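Chemist: Single-letter residue listing:
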Amino acid sequence: MIRKWKAIAPLLLAATALALVSPASAQTPPNILVVGQIAEPASLDPQVSTAANDFRIAVNIYDGLVRNKPGTLDIEPALATDWTISDDGLEYTFTLRPDVTFHDGTPFNADAVKFNFDRMLREDHPFYSTGPFPLAFFFSSVKSVDVIDDLTVKFTLNEPYAPFMSNLASPTGLIVSPAAVEQYGKDFGRHPVGTGPFKFEEWQSNTSVIASRNDAYWDGAPALEAVIFRPITDANTRVAEMLSGGIDVLLETPPDNIAQFRDDANYQVVEAVGPHVWYVMLNAKDGPFADKRVRQAVNYAVNKESLVTDVLQGTADVSAGPIPPAFNWAYNETVQPYPYDPEKAKALLAEAGAEGAKLTFLVTEGGSGMLDPVPMGTAIQADLAAVGLDVEIKTYEWNTFLSEVNPGLEGKGDMAEMAWMTSDPDTLPFLTLRTEAWPDKGGFNSSYYSNPEVDALLDKARLSTDPAERGDLYKQVQTITHEDAPWLFVANWKQNAVVTSAVGDFELQPDFSLILRDVTKQ
Amino acid sequence: MTAYIGKRLLAAIPVILGLSIIVFLVMKLIPGDPAQALLGSYATPDNVERINRALGLDRSWPEQYVIWIGNLLHGDFGRSYILNRPVLDEVLERFGATLILAGASLLICSVLGILAGIASAVRQFGWTDRIVTFFVLIGISMPAFFLGLVFILFFAVQWRLLPASGMYAVYGGGDLLDLLRHLILPAGTLAIVATGVVARLTRAAMLEVLRQDFIRTARAKGLSENVVIYRHAFRAALVSVIPVLGIQAGFVLGGAVYIETVFQWPGLGQMLVKAVSTRDLLLVQGGVLVAATVYVLVNLLADVAQAMLDPRLKA
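So the protein sequences, as listed, match chains A and B.
Going by my numbering, the first residue of the first sequence is number 24, and it counts up by one from there.
Going by my numbering, the first residue of the second sequence is number 39, and it counts up by one from there.
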């Protein structure tokens, strides 16, 4: 008996092994797009969530009143077909698209719009408790939302606020179904209902979020039958899934893997600029950087070209100032990045008497939009050493880093890495470069830059509703800040994605969202 | 025996309570808070205060802790700040996944480790012993996350035999076969280090037993070598191997943290890593509580099994 077992056991084992490792499931199904996301979504309630990772799903399930025209940051109609802005810039009246229904069958109308903004902004709203709504301050200038008739809604602001329209086009402005919020309460974020091109079907925790085609979509039903979002946190594993055929779309490819996909005809590498700025803030209050010449010197001393090509493998462009070129209407083409010129840097340092200065540099290990912060910090340290500056790096985990840097650099360090992604050119300079935005006044100007001229320009730009005039004001801001050098300007990230050759019409958007309504798959 | 188990279970209560206080304090003492993690770059003092108020984090520390314990006694683990979902739902789902992964690798490392240990002890310094020792040393020295990536590279990317990550296929699949296919690589990787440890200790325990008088007696009685090794020597060696398996269970649970990250296994370890970095206190508490309880129970089980095998410990 035993002898017989000994003969059969290896056969059984081999058969089981063969059954388990049959390579059948290596391909994704036709006309269903599988997207490799960077993390498990936190919430699919667009007003509750704050993560770009969640918004990539949300923008396919919901619509806003307005949206960014594909490939640009220009506003175009979405759930609102038309709008008027009063001359004083205080009243925005929207005409809503007729005959639109939410995926749960309830009608989209002015009451739904009012419900959405009241839920987020009014503490006495019955569903305010379904929050918190961390980004509600995008709309803090809204005094009231009034229903004029079924398809007309009026927003009244406390003061003119130019970024209002771009904030409406941001994910926080997406419109959710009031009936579904009433039904699911705090759990709405796991049962999302919108008006978008895809209907939410199922969320299997830590495995997938599945959304299917909305055949009744007002902007034409999408070609894809369904989209599956898979969270794959580890970047190497995400790449392996792409190579083994487990996903069709790979987001945020590590710089080192881009070339491999570029050389392979089975894949397409897609890139797009985005409103992203990576910089090193320079403490203008105490220490050597209080002298403008020292700040300019480090801008000359660091080889940004080498940072973006060697460290970031071409996944970013050299940046020239605080406003990224993705905001083309507000970007000043005449302001060029500081050239790499170590001799000039040494001369400026000598002039300022800062040769051989000791500097403390706060570096983070990772974090939203921070790219490759440790290698970048080290490369910058080496470039500064070459002009005689003695830089000591202190490394922190991301949330610890933020709680070190946000209250201000005074007494802690001379320079700190930082990155921002924003939906309007106002956001970053307004929160980080004004005198009124010093940390003690509740802003993020942690390096204490102050120039009354810049303050005045930024205040004025926020009140102007004429895009041409606003653009001109931001261009002036860039000229002045380039000369003042409050930061070491380093890079603007180009987002990237890899898709298989079966995927068609895939584009990345400058607002970092992932629009799948026009995508096809063979 | 029942009294002994009861006593051990009672003794676990202060351990777990103390642990929850330590976790609470550590989470409070490290800089950063959930509001900051939620707001990221937008964490102005105003915004942070608004979010903290909404989450009930504006209360004093002792107050927060007492509220948490109070709710816990009513079976309410609270709501994750970041995931917007009840902690218990998330933890139980995750725990199920970890249990499958850790259970499978514990099984693999016990069976393989014990067999390898016996094989090398029986012929000490023979070629089997040398080969086993060689592989055991490689297994012990290899960082598991690296080994995991190498496995993915060969089995999923190169040969396309097994899925690279996840627990179930996202389309089709969902059955036991699908689960096993996804389980092989992570469970195998996780088991390799533990197998090495079990093999080393089994070998040592066996060598010690084999030198004892009763083995010589057994051989002298003319019993076959198989009976001597498996019925007499191994049974005696098992007494010192079982507690090691208990400790390995803890190791496997801990090792799951990075294996789960590499293989995108939706388990407790991966959840805890994310929860700590986003300062999601209630989720960390829930996860640690469950992991600690399991650890205590597994070790209790090992002790009971040992006592049953070794009459000297029964008292």
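Treat the hints with care, as some may be off.
Unchecked claim - Not the full set, but computed from the structure, chain B residues with beta-carbon under 7 Å of chain A:
no.	residue
1	L67
2	P69
3	L76
4	S79
5	P83
6	N90
7	A92
8	N122
9	E131
10	G134
11	A202
12	Y209
13	G212
14	V300
Claimed, not checked - Pairwise CB distance ranges (calculated):
no.	chain 1	residue 1	chain 2	residue 2	range
15	B	G108	A	D122	30 to 36 Å
16	B	I54	A	A405	48 to 54 Å
17	A	P398	B	P281	25 to 31 Å
To be clear, the hints were calculated from the coordinates, so they are not data collected in a lab.
As the structure is a prediction and not an experimental result, all values here were calculated from the model.
For each residue, glycine too, the CB sits at the ideal point set by N, CA and C.
Chemist: Which of the stated hints cannot be reconciled with the structure, identified by number in ascending sequence?
Modeler: 1, 6, 10, 13, 15, 17
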